[in-house]
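If you want the building blocks of each chain, they are given just below.
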Amino acid sequence: MGDSNIIALMMPKWGMAMASGKVVDWLVDEGTQISVGEELLEIETEKTVNVLEAIDTGTLSRITAQSGDELPVGALLGVITQGGVSSKSVEAFILEFQERFVPEEVSEEVDTAPLNADVDGLSIAYRKYEAKNDQGKLPLLFIHGFGGNQDGWMYHAAELSENRTVYTIDLPGHGASEKEVADGTLPNLAKAVYGLMETVLEPRVHVVGHSLGAAVAVELAIQFPYQVASLTLISGAGAGTSVDKQYIEGFISANRRKQLKPYMQQLFVNSELATRSMVEDMLDAKRIEGVEECLRKISDAAIISLGDVDIRGNLTRLTMPIQIIWGKEDRVASIVEAKNLPASIENIIVDDAGHMVHIEAARKVNNLIAEFIKSV
Amino acid sequence: MSKKTYRQAINEGLVQEMHRDPSVILIGEDVAGGAGAGGDVDAWGGPMAVTKGLLSEFGPKRVLDTPISEAAYMGLAIGAAASGLRPVADLMFNDFIGVCFDQIVNQAAKYRYMYGGQDRIPLTVRTMIGAGLGISSQHSQCLYPVFSYFAGLKVVIPSGPYDAKGLLASAIRDDDPVIFCEHKMLYEMVEEVPDEPYAIPFGEAKFVREGEDVTIVALSRMVHIAMEAAESLAKEGIGCEVIDPRTTTPLDTESIIESVEETGRLVIVDEAGPRCGMASEIAAVVAEEAFSALNAPIIKVTPPYTPIPAAPNLEKLYIPDAGQVITAVHKVMGRE
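Protein chains in written order, with my numbering: chain A, 9 to 384; chain B, -2 to 333.
By construction, these hints were calculated from the structure, which means they are not laboratory data.
The reader is advised that the hints may include incorrect statements.
Unchecked claim - In silico SDA-like links for lysine to any residue, alpha-carbon gap of 25 Å or less:
{"id": "1", "chain 1": "A", "residue 1": "K136", "chain 2": "A", "residue 2": "N196"}
{"id": "2", "chain 1": "A", "residue 1": "K96", "chain 2": "A", "residue 2": "E38"}
{"id": "3", "chain 1": "B", "residue 1": "K328", "chain 2": "A", "residue 2": "N196"}
{"id": "4", "chain 1": "A", "residue 1": "K294", "chain 2": "B", "residue 2": "F204"}
{"id": "5", "chain 1": "B", "residue 1": "K203", "chain 2": "A", "residue 2": "E300"}
Unchecked claim - If you want the ones that stay clear, here's a sample from chain B, every Cβ over 12 Å from chain A, calculated:
{"id": "6", "residue": "M(-2)"}
{"id": "7", "residue": "G95"}
{"id": "8", "residue": "Y146"}
{"id": "9", "residue": "A148"}
{"id": "10", "residue": "E185"}
{"id": "11", "residue": "R272"}
Stated by the list, open to error - Example chain A residues on the side facing chain B (calculated, C-beta under 8 Å, incomplete):
{"id": "12", "residue": "E78"}
{"id": "13", "residue": "A184"}
{"id": "14", "residue": "K187"}
{"id": "15", "residue": "N263"}
{"id": "16", "residue": "R264"}
{"id": "17", "residue": "R265"}
{"id": "18", "residue": "R284"}
{"id": "19", "residue": "R295"}
{"id": "20", "residue": "I296"}
{"id": "21", "residue": "E297"}
{"id": "22", "residue": "G298"}
Just so it is clear, CB atoms sit at the ideal spot from N, CA and C, and this is done for glycine as well.
Produce the entire structure from the sequences given, and follow the hints as far as they go.
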């Protein structure tokens, strides 16, 4: 056989609650030569639709899961072969895999409930993803965007916890954190993040922030420069962007599916990614008493002004490594002056992605984060 | 967020609304539970213990135990609503509505209309529906289609704890009379329910499950029967979209039609009787507005046209089950 090899292509696990996924469509044909990073197929989960990219090079010898198939995590989707492998060996491999395959039990109760910590009298929710193989590296902290919550890091947190501990947080007024944001300004939100780091997390972390979370991350870095080892700003508001104010207002006041759906669609290039259940989850979150008021305060104090305010001045004052990742087709915080950023900042623009670039190009963004942190 | 039963979710909803608005009061038989009965005050909280603890927390001025006279206390509640309070009247079993039909149907439901919108009746009637406990035909009916007949009433049929708490908040805050139908077989059902108050708007159906082949509209407890069938049908490769209207007035026909236009097939699962019910109503709406989208006749899965038997073996036969739903889906799929 020599260099030949048979690799199983399996249903991925995106997020702790994911038990199964549905094959939407294959983007490559059986028999195609594939390389690392190539988009293989679209998979729909309870939350959204995403593309599975190849992590191996080889030939897609067999497709074993067809469009419409709903399969548990770890189930066989296809077979990739490297070098000369007889079709007989492939058949034997498939048979053996199917025979041995037992779907993993997902215990939702233990896994998905966030932890809560008291931060200056405010209950702040977070999750900890222990490093799978701890090498004493600085942990990574994810901060979500406006109206979101830490579940939005389902494609990133677990995956990036290979060598280092990963934390995700619900900002005040969001997710399972207390619905109280004081005056809703960035310094106040950053204070809560710092408070959580100080009380239960770790004093120095790499920070990844999306949208409003990116603005919070910058504020955190300004106030506590030593505590932030590096900054990854995804679709960061204020760094030469123009925030769609109508979007913010519409998003806050929508309380029915029909009203909210167009705003959720605006987050993506491919509006089909805003699934019905994603819209439903967002409505459930927005319904909680106090949420709308919190969002309004944050919007007034921190977001609407960001549309006009430029934080690039702040960025030049920071000395830690910074990278900014943009979706080229962002329709919420559209790029207007990405070019005029300080030269020391890594500036990456992702094609065919919108405001939710980290969801739309999850693997790419994960790679960017991993590579960037490694280089720090 | 924590796991709560349907019973706990409704209790928590009542407590939070009573804290939020001092004009919210409870009126009904046994709502205080045991008061004046020689036992422990606040011991029972109604036959299903849903209002347990409320008397101790809010006192006898806001939790009013009444004599066994639905006509009297429903009249009292409507009068209280007309004069500025926001009462929650507990009509233990919906079957008892016969005794206070006039108060609800001819007075409460018509009040706003008759007075040109100058006055409102912000009344919530909590009541138990459904078969399954073997407590006979006068305690087991689903009368929400009857309530839904009357313009001027809003009708809510929560199928789980999350919806129950959120819809109850909307019911109590609503300025019109609302009949809130709790299915007695759901009180032990457990689900994640936020600790904070939240209100779910009326007239917004929930897509409990998405699917491309068949739309199943299911009401109240039947949502779970439909889901059981849908999970089993998924293994055969049939994708069922399960829709829970959550309120029958207002009825979210838009979502139902949207779904049928995608699937082309409709099965309606209702525990209320087969005649003049929501199943017939939904079938009629879809036939009128989306006939050209249909690839097969609409099928209703309902109990037979008969009083509800008390004998457990007969009662079990009476209530629609997953097998009947599967048969109906096979039929609309042409796979008999």
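Okay, the hints, checked on the actual structure:
Restraint check for A/K136 and A/N196: satisfied, since their Cα atoms lie roughly 23 Å apart, inside the 25 Å limit. Taking the CA atoms of A/K96 and A/E38, the gap is near 16 Å; set against the 25 Å cutoff, the hint holds. As the CA atoms of B/K328 and A/N196 are separated by approximately 60 Å, the hinted pair breaks the 25 Å bound. Taking the CA atoms of A/K294 and B/F204, the gap is about 18 Å. The hint holds against a cut of 25 Å.
Pair hint B/K203 plus A/E300 holds up; C-alpha atoms about 21 Å apart against a cutoff of 25 Å. Taking the minimum C-beta to C-beta distance to chain A, about 6 Å, the non-interface status of B/M(-2) is violated against the 12 Å cut. Its beta-carbon lying about 36 Å from the closest one in chain A, B/G95 satisfies the requirement of being farther than 12 Å from that chain. No Cβ of chain A approaches the Cβ of B/Y146 within 12 Å, the least distance being about 26 Å, so the stated non-interface status holds.
In this structure B/A148 is separated from chain A by more than 12 Å, as the shortest Cβ-Cβ distance comes to about 23 Å. Every CB of chain A is more than 12 Å from the CB of B/E185 (nearest about 18 Å), matching its label as outside the interface. For B/R272, the shortest C-beta to C-beta distance to chain A comes to about 32 Å, beyond the 12 Å cut-off, and the non-interface label holds. For the restraint placing A/E78 at the interface with chain B, the shortest Cβ-Cβ distance is roughly 6 Å, inside the 8 Å limit, so the hint holds.
Given hint, A/A184 at the interface with chain B, holds; its Cβ is 6 Å from that chain's nearest Cβ, closer than 8 Å. Interface hint at A/K187: satisfied, since its Cβ lies 7 Å from the closest Cβ of chain B, which is below the 8 Å cut-off. The beta carbon of A/N263 is positioned within 8 Å of a beta carbon in chain B (closest approach about 6 Å), and the interface hint is therefore held. Against a cut-off of 8 Å between C-beta atoms, the interface hint on A/R264 holds, since the closest Cβ of chain B lies about 6 Å away.
Taking 8 Å as the C-beta contact cut-off toward chain B, the hint placing A/R265 at the interface holds, the least distance being around 7 Å. Given hint, A/R284 at the interface with chain B, holds; its Cβ is 5 Å from that chain's nearest Cβ, closer than 8 Å. For A/R295, the interface hint holds, since its Cβ comes within 8 Å of a Cβ in chain B; the closest pair sits about 4 Å apart. The closest approach between the C-beta of A/I296 and any C-beta of chain B is roughly 5 Å, which is under the 8 Å cut-off, so the hint is satisfied.
Below 8 Å, beta-carbon pairs count as interface contacts, and A/E297 has one with chain B at about 4 Å; its hint therefore holds. Among the interface hints, the one on A/G298 holds; its C-beta lies about 7 Å from the nearest C-beta in chain B, closer than the 8 Å criterion.
Taken one by one, the earlier hints fail for this structure at numbers 3, 6, listed in ascending order.
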